[in-house]
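Student: Sequence:
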Amino acid sequence: MSRSSMGAKVFSAAVIACSLLLAAILLLHRFIPNRWLNLGSLIETFLPWFGLAVPVLVVLAAIRRRPLAIACSLLPALVWFQMYAGLIPDKHVGDGDFRVVAHNVNAENADTEATAASLLDSDPDVIVLVEITEEQRAAWDEALADRYEYSVAYGTVALWSSYPVAASNEVDLNLGWARAFRAEVDIEGEPVAFYVAHLLSVRVNTEGFTSEQRNETARLLGEAIADERLDRVVLAGDLNGTVQDRSLAPITYQLESAHASAGKGFGFTWPADTPMARIDQVLYRGLDATGSEVMGATASDHRPVLADFSL
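In numbering that gives the first Met the number 0, the protein residues as written are 0 to 310.
Since the hints were derived computationally from the structure, they do not count as laboratory data.
Be aware that one or more of the hints could be misleading.
Computed beta-carbon distance windows for the label pairs [unchecked claim]:
id : residue 1 : residue 2 : range
1  : Ala16     : Thr132    : 49 to 59 Å
2  : Lys8      : His91     : 28 to 38 Å
3  : Ala225    : Ala61     : 25 to 35 Å
4  : Glu222    : Ala166    : 11 to 21 Å
5  : Ala113    : Leu229    : 33 to 43 Å
Glycine included, every Cβ here is placed at the ideal spot set by N, Cα and C.
All chains, full assembly: derive it from the sequences and hints.
Tutor: Encoded structure:
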């Protein structure tokens with residue numbers, strides 16, 4: 000066997016091995032353990048981006064014109080398509096009965112007026128904001144009070160509503176300060192439980208994907224939602240994780256994603272300049288999601304999200 004023929008076989012074998020590995024990661028990501036560096040959750044956070052490797056493998060396989068290599072390179076493409084094809088089409092069906100806008104406004108955002116104007120342009124009935132400092136709160140009240148008669152705030156999370164807020168209470172995430180609450184909003188005579196939350200941040204460093212505290216806050220928030228007595232529930236805010244991250248399962252097994260149901264595309268929200276993950280969420284149950292979109296960038300490092308619902 001010539002050296003060039005041997006090289007071609009090795010090259011094809013490498014393409015086949017990489018293709019099978021990629022397909023396995025996409026198909027079996029739930030079985031990747033978090034024991035080492037929280038690797039499973041890290042991969043799940045950016046899982047859609049693994050699809051970028053597919054055309055590279057297809058081209059490499061085609062260069063050598065090896066049928067087996069080409070066939071194997073198409074396998075992860077089929078898996079990726081099966082997982083994400085449903086997200087790509089526009090599933091918007093109408094404006095619904097009420098509109099929710101949620102935004103992590105960023106504690107360092109000094110342009111409250113422009114940020115508020117951007118959110119108000121979409122004419123929401125309920126605005127959910129997280130990461131508001133005490134200094135920003137007065138400015139937000141001034142910007143929104145004329146349009147929204149009702150408001151609730153706990154710590155650094157807040158809600159403004161054009162509909163009456165019947166009751167509210169903090170959801171204790173065992174942090175020593177408020178980052179989540181429940182508000183009962185009366186929408187056209189129908190009570191809807193709104194949960195507003197900003198789960199703890201995660202970090203990617205030499206210790207891997209460190210998310211233990213975030214995971215604990217997700218568990219506690221999930222328990223509160225599981226105990227909810229109302230049928231109609233909306234959860235909005237920055238969950239610092241995607242719906243595919245297994246660590247958010249205490250929340251996501253109970254609720255649906257408005258963007259998955261009624262949006263278009265992947266709906267990435269962070270970082271605002273070049274979004275790579277959807278960590279800002281509007282989740283729900285007991286309602287029909289009729290539309291969802293990611294809004295334009297503001298002065299925050301997150302993009303706001305919008306969702307329409309029918310009762």
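Student: Against the earlier hints, flag every one the structure doesn't satisfy and list their numbers going up.
Tutor: 2 and 3
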